[in-house]
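Chemist: Below are the chains, spelled out letter by letter.
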Amino acid sequence: MLKNELIKKDSYVEIKILLLKPEERIEGIPEDTSKVPFEARIKGFLVKDAYIGEKVEIITALKRVVSGILIAVNPPFKHDFGEPVRELLEIGWEVDELWKQ
Amino acid sequence: METVKDILAQRNEIMKKSLGGIDYSNFEKGGLAFDYEALMKFVGYPMKEVLSIQRETKVGNTPLYELKNLTKLVRKISLPGKGARILIKDEAMNASGSFKDRRAALSLFQAKKEGYQGVVAATSGNYGAAVASQALQRGLKCIIAQEVFDSRGIGQPEILEKGRKCEALGAEVWQLTVGPELFFWSLQLLKETGYFNASLYTPYGIRGIEALGYEIGMEVKTLYGREPSAVLITHAGGGNVTGTARGLLESGCFNTRIIGVSVDLRGLHMASDTDFNRKSFTTGHTGFGVPFAVNPDRVDVPRNAARPLRYLDRYLLITQGEVFYATELFTRVEGIERGPAGNTSLAAAIPIAREMPEDEILVIQETEYTGAGKHPTAQLTFARKMGIEIIRGNPQDNIPGKRIVIPENLRQLSYEEYPLAKLKQSYLEHTFKKYEVKKLSLIELKFLQEELKDNNNFVIDYLNSKGVIYE
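Protein sequence lines, in the order shown, are assigned to chains L and A. Mapping to the working numbering: the first sequence position 25 is 25, numbers consecutive. Mapping to the working numbering: the second sequence position 77 is 77, numbers consecutive.
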């Protein structure tokens, strides 16, 4: 996805919204958290053609209009089952041994 | 946009509008006391009706399995005559895959009945999917606010899956960066929409979980002709412990011991941007378990209906590696895969069952669904990428956020007994500070004794040690 590629209206997109700047965050939170902004991401259908990085409006799953910075088009679900974990694979044979005892 | 201060200033007003008929001020009894049982009775649905409301939306009546193979294995490593029969309530079979459907069912029923158009819930857990699923079935709109990412935009696979599921179930999902301002944003959403606050901590939520405890009590008595000797409950915000314990009492199980279990994540700060992705469990851990027990009212409603210290007989901690081991073992010996966080109490069941006589019954009261992200391989792969060391060895060498130790054999599974007296002491310290207590009324004294399940002058000794008078 190129930054100068025009994203067509009605594309399914993700936007980012700055909710609180670091100085607006509540008191009493850990120092590392207080130095970064409080942000939201939300997905929906793009209202007008736009480029990545532009401020846009989207229509959410509940058909509400929300505005924020366009960050992705058709964002994929990237979570998966990960890699096989040897430390867990070993447990099967260990259980077989335990049954024999 | 309004600032945090503006929104928090309107907190009470927003909550009142979003909580249907519950006026929490009616239950206050002066000072630090309130009438907990009256608040719980406000829900008003008898158990038979609760069960029937849950059945309407594919909740409850989950299988209670006897884990015959696991019980046999535990007996192999126990002293003669030891090794309780282990049962598990397969709550993954509820509509959205966890016991949280119980918690959402009554709230959504009530929201519909009172004419709300939709609901808002702030949660990073399975509860979001439960609310979304129940909302769909009741014809209500649903907004979920989730804590998902650190400031770099990186999220745990387990939370990413929970977000996907909420979206799949038609919710508008606000995925937020780390921080307690999640509650500020959910208040803003409630204000904007006028929707019902499907908080985890209302009496509706807890009454829904009572159905789980009730089913366990009735089923064990019918099948085995006796009460469970103990029920192991994964403990986080306190609702699971509170609801299950109350439901067991309602089923007539007065002697069943209530044992809470959390994953030990002491040392990691829950609101820290850098610690956020150094934990491999997103719930069922001490980061929620301890603070919610000692300060239950730190939530998004004026009075939390989840009050675990009223019910807990014991509180046990286990390590992340032990839960991953137990999850893998469970799959290998019982032939079913379930999600890891729900297996927190399963891991503790192994050492606890070893100590109990063979003729006693130990119940693990929940499971949760598994899938991409919500699986030990996903969580451990992510942990390695975050620089966490993963080794086989003695679980005692576990260091939260640095090293996960997968036990080398079944005998190594153990638990740390977290002293309830320590939690109760912290509860009193916190409450006295919050209410600036100088002296107590007898009503407040009685309230504290009930809050802490105190039958032997624990509270009075504390008052005497602090020189606080009561009259």
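These aren't lab readings, by the way, just hints derived from the structure by calculation. It is possible that part of the hints are untrue.
What the hints assert, rightly or not - Cβ pair distances, simulated, as ranges: (1) G194(A) x W99(L): 28 to 36 Å; (2) E429(A) x E31(L): 32 to 40 Å; (3) L18(L) x Q117(A): 22 to 30 Å; (4) V73(L) x E49(A): 42 to 50 Å; (5) E31(L) x K16(A): 43 to 51 Å; (6) I59(L) x R384(A): 35 to 43 Å; (7) R64(L) x G21(A): 55 to 63 Å; (8) E37(A) x V47(L): 34 to 42 Å; (9) I336(A) x L18(L): 22 to 30 Å; (10) E24(L) x I154(A): 39 to 47 Å; (11) R55(A) x E97(L): 43 to 51 Å.
As the list claims (entries may be wrong) - Examples of chain L residues toward chain A, derived with CB under 7 Å: (12) P30; (13) E57; (14) I59; (15) I69; (16) V73; (17) N74; (18) F77; (19) G82.
Said to hold, decoys possible - The calculated lysine to aspartate or glutamate pairs, modelled on EDC-like cross-linking and capped at a C-alpha distance of 16 Å, are: (20) K72(A) x E24(L); (21) K5(A) x E24(L); (22) K439(A) x D461(A); (23) K41(A) x D23(A); (24) K8(L) x E83(L); (25) K76(A) x E94(L); (26) K41(A) x E250(A); (27) K76(A) x D80(L); (28) K72(A) x E90(L); (29) K453(A) x E37(A).
In this text the structure is predicted, and so the values were computed from the model without any measurement. For each residue, glycine too, the CB sits at the ideal point set by N, CA and C.
Chemist: Each of the hints needs a verdict: does it hold here or not?
Modeler: Verification of the hints:
1. G194(A) x W99(L): 28 to 36 Å: Between G194(A) and W99(L), where Cβ atoms are some 59 Å apart, the hint is violated.
2. E429(A) x E31(L): 32 to 40 Å: violated (25 Å)
3. L18(L) x Q117(A): 22 to 30 Å: holds (28 Å)
4. V73(L) x E49(A): 42 to 50 Å: holds (48 Å)
5. E31(L) x K16(A): 43 to 51 Å: violated (35 Å)
6. I59(L) x R384(A): 35 to 43 Å: At 39 Å between Cβs, range holds.
7. R64(L) x G21(A): 55 to 63 Å: Check failed, 27 Å falls outside 55 to 63 Å.
8. E37(A) x V47(L): 34 to 42 Å: violated (51 Å)
9. I336(A) x L18(L): 22 to 30 Å: Taking Cβ atoms as reference, I336(A) and L18(L) lie about 44 Å apart, which means the hint is violated.
10. E24(L) x I154(A): 39 to 47 Å: Violated, since E24(L) and I154(A) (Cβ atoms, about 23 Å apart) do not stay within the stated range.
11. R55(A) x E97(L): 43 to 51 Å: At roughly 44 Å between Cβ atoms, E97(L) and R55(A) fall inside 43 to 51 Å, so the hint holds.
12. P30: The hint holds - P30(L) has a Cβ within 7 Å of chain A, the shortest such distance being about 4 Å.
13. E57: violated (14 Å)
14. I59: violated (10 Å)
15. I69: violated (13 Å)
16. V73: violated (16 Å)
17. N74: Not OK, violated: N74(L) not within 7 Å of chain A, min 13 Å.
18. F77: With Cβ-Cβ at 5 Å, under 7 Å, it holds.
19. G82: holds (3 Å)
20. K72(A) x E24(L): Judged against 16 Å, a Cα distance of about 57 Å means the pair is violated.
21. K5(A) x E24(L): holds (9 Å)
22. K439(A) x D461(A): holds (14 Å)
23. K41(A) x D23(A): Holds. K41(A) to D23(A) sits at ~13 Å (cutoff 16 Å).
24. K8(L) x E83(L): violated (36 Å)
25. K76(A) x E94(L): holds (14 Å)
26. K41(A) x E250(A): holds (13 Å)
27. K76(A) x D80(L): violated (36 Å)
28. K72(A) x E90(L): violated (20 Å)
29. K453(A) x E37(A): holds (14 Å)
When held up to the earlier numbered hints, the structure conflicts with 1, 2, 5, 7, 8, 9, 10, 13, 14, 15, 16, 17, 20, 24, 27 and 28 and fits the remainder.
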